[in-house]
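Going line by line, the protein sequences match chains E and S. In terms of our numbering, the first sequence opens at residue 1 and continues consecutively. In terms of our numbering, the second sequence opens at residue 1 and continues consecutively.
Source of the hints: derived by calculation from the structure; they are not laboratory data. Keep in mind that the hints are not guaranteed to be accurate.
For identical chains, the list gives no copy identity; a pair is met inside one copy or between any two copies.
[To be verified] Result set (DSS-like, lysine-lysine): computed pairs, CA atoms no more than 30 Å apart in a straight line:
(1) Lys110 - Lys15
(2) Lys15 - Lys93
(3) Lys110 - Lys93
Protein chains: 2
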Amino acid sequence: MNIGTAARQSCLPPKTIRYYEEIGLLTADRAANGNRDYSNEDVHRLRFVQRSRSLGFSVEECRQLLSLYTDRDRASADVKAIATEKLGEIDRKIAELTGLREILGHLVEKCHGDLRPDCPIIDGLSGRSRDH
Amino acid sequence: MNIGTAARQSCLPPKTIRYYEEIGLLTADRAANGNRDYSNEDVHRLRFVQRSRSLGFSVEECRQLLSLYTDRDRASADVKAIATEKLGEIDRKIAELTGLREILGHLVEKCHGDLRPDCPIIDGLSGRSRDH
DNA sequence: TATAGGGGTTCCGGTCACTGGAAGCTCAAG
DNA sequence: CTTGAGCTTCCAGTGACCGGAACCCCTATA
Chain E
1 MNIGTAARQS CLPPKTIRYY EEIGLLTADR AANGNRDYSN EDVHRLRFVQ
51 RSRSLGFSVE ECRQLLSLYT DRDRASADVK AIATEKLGEI DRKIAELTGL
101 REILGHLVEK CHGDLRPDCP IIDGLSGRSR DH
Chain S
1 MNIGTAARQS CLPPKTIRYY EEIGLLTADR AANGNRDYSN EDVHRLRFVQ
51 RSRSLGFSVE ECRQLLSLYT DRDRASADVK AIATEKLGEI DRKIAELTGL
101 REILGHLVEK CHGDLRPDCP IIDGLSGRSR DH
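Build the full structure now, drawing on both the sequences and the hints.
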């Protein structure tokens, strides 16, 4: 199948698939006319990458996961190590964003948001806030 | 004061300050020998940007906030609008990450993580998982 | 006085993961 | 015969910097 069909089936834009090939993440056969030609197994791999990316794995991590995916003899512990590390990153990110949300939420709450110029948000950003 | 001192006082690396100048976010006077020369007010603005960036505002949003910061006659509603919008973005991001965390957490939980090759994480990423 | 160091300056290139656009190809339908 | 869709390659740009090279300037020390 050609790249457009593979793109639809893997939920990845054609540009992205070509990019993945360019950086050596995935390869593709070529048809007689020079077009890329994808097998069902290729599409599986594309979907695998798409899912992994959407779960927050970097392209480099996808490269690792893909080799673990292909290697049917590796230990599940190898996979779990990568996923656990990523889980920690996600937790840290959530904590950070929650902290941000709290600070910014307080500032927004305190701002009356009318035509007057005085603004606790600006004061907070400039370090002039009294509480905290 | 020179860029190193301003950097220390604003918690921004010198490279970043030069970059901000390059993109026209902030300007700086020059001393006789060509070095950048910062006033206390300049440092206030740098800190303002540093805080805003660390709260998740993009550089373009910082540009807006900075002009609202400088304009002592603007309505606080203008500021609140930007901050509220950003708050929504943060909430969406938290929700997305929480969803991710849940999915990946389930996969990690189900993986026994030993020397055997079968791995629910890989199965989940490849779309072969049964539950969800 | 020579020199070593620790600032500063500019400019160039790289990062990550794409995305947009131009120019040119093939192929099927009208 | 033309039109359009879809494919190809290549080049450049995104955001927000970071690293490094090459060079300048000032001060302290041998």
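query: Which numbered hints does this structure break?
result: Going through the list in order, the structure violates hint 1 alone and respects the others.
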